[in-house]
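For the sequence shown, the numbering used here assigns the number 307 to the initial residue and increments by one for each residue that follows.
Some clues are possibly wrong.
To be verified - Below 27 Å or equal to it, Euclidean Cα-Cα: the simulated DSS-like pairs (lysine-lysine) are:
(1) K656 with K644
(2) K590 with K644
(3) K656 with K593
(4) K593 with K644
(5) K659 with K593
(6) K659 with K644
(7) K656 with K590
No lab work stands behind these hints: they were computed from the structure.
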Amino acid sequence: MAFKPLMPLDEAWSRLQLVAEQHVKAAGDAGLPRETVPSFDALGRVLAQEVVSTVDVPPLDNSAMDGYAVRVAEAGTALPQVQRIAAGQVGAALPRAACARIFTGAPVPEGADAVVMQEQAAVGDDGRVSFSQPILAGQNIRRRGEDIAAGQAVLSTGLRLGPAALGVAASVGAEDLSVFRRPRVGVLTTGSELVMPGQPLPHGAIYNSNRHTLRGLVQATGAQGSDLGVVPDDLEATRMALREAARHQDLVITSGGVSVGEEDHLRAAVLAEGGLDFWALAIKPGKPFVLGWLNRDDGSRALYMGLPGNPVASFVTFLLLVRPVLGVLAGEAWTLPKALPLRADFSWAKPDKRREFLRARLNDQGGLSLFPHQGSGVLTSAAWAGGLVDLHPGQTVAAGDTVPFVPLAQWLQPSGTQSQG
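All chains, please: the whole structure from these sequences, using the hints.
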């Protein structure tokens, strides 16, 4: 078998973006499937239609704090309090030479042009209110439409909805939102040696950590994940599992079996059921990675991504390669995480010829600490880490160097880098 050179990560990203965007276009003029969901339940979903406000927010001038509504020109003398206005109430017009007790969020009465905070007011024995500080016109008043004007587009198509964005939708009265359907992702793990926790562990077997990790990663991106079980190391069984998965999933993910060993059947199975786009990347961990497709009976395709079997390599390749594709399938623009320049409080004197991703986390001194064991089978390094240090081929690190660090939260929180909130 002739081996192709390992593909650099930047080239793989470009190819993945093209494949993901072409897959979306292949859905036809309607594009990605859409559905309507209550705005109360839309966290992590991607908007399929912009949200336009039909109201001003706030709808009336209102008080920014508890205090007294006054006319600035009259506030130099003690004023009688003539009314009390709570949030949700609309007071009467403010008479001349008087003030109104007002609370945060309550509409400012007609005639008042400032609100004085209660800490700057004193009530005399005669019930009159005097003020201890100079008063400026407009102070402590939130103006009608100050946040949002009626007719204003407040949330854009393609936005992944975070908590603040849901609050914005609610503030303009959006009961329901049009969103893209969540990508359907099927997860298959391979290997006759794998058993589930709680089952007896025969000699030579291992517990199936990838099944748990990948399912959790899919859920953490907001996709609709399906656990498709374990496939034994058998070509026909693997083909059958892939064929069935393609019928119901937008993307099929597997772990293990994508190398070239005699018991690694996934590559041959994918070629029989669809095709391969590229195979093997110049990254560490994660070299044995496969991108391809699986044919359906109706002539359409499901995307296929084969991840390495080593737990850390599976974890890292999901973040680097699967996560951006899931964003496109969910309706977002193609987005890659942005690295932060941080100080390395470690040294790395054994560079690799591949681009390498080290598990690290921020320490109390504001620098990065490195997990002591960086092997691709050491899953505790991923559980401990706060992110990945991105080292280019041949790069060494001395303590005190600035290195690029990508926090895991950029990949895993449903409200990603494109989110408002």
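Hint check results:
In summary, the hint linking K656 to K644 is supported, as the alpha carbons are separated by about 25 Å, within the 27 Å threshold. Straight-line distance between C-alpha atoms of K590 and K644 comes to about 19 Å, which keeps the hinted pair within the 27 Å bound. At most 27 Å may separate the alpha-carbon atoms for a hinted pair to count; K656 and K593 meet this at roughly 18 Å. With a CA separation close to 22 Å, the supplied pair K593 and K644 stays within the 27 Å bound.
In summary, the hint linking K659 to K593 is supported, as the alpha carbons are separated by about 12 Å, within the 27 Å threshold. Between the alpha carbons of K659 and K644 the distance comes to roughly 23 Å, so the proposed pair stays at or under 27 Å and holds. Straight-line distance between C-alpha atoms of K656 and K590 comes to about 13 Å, which keeps the hinted pair within the 27 Å bound.
Violated hints: none; the structure is consistent with every hint.
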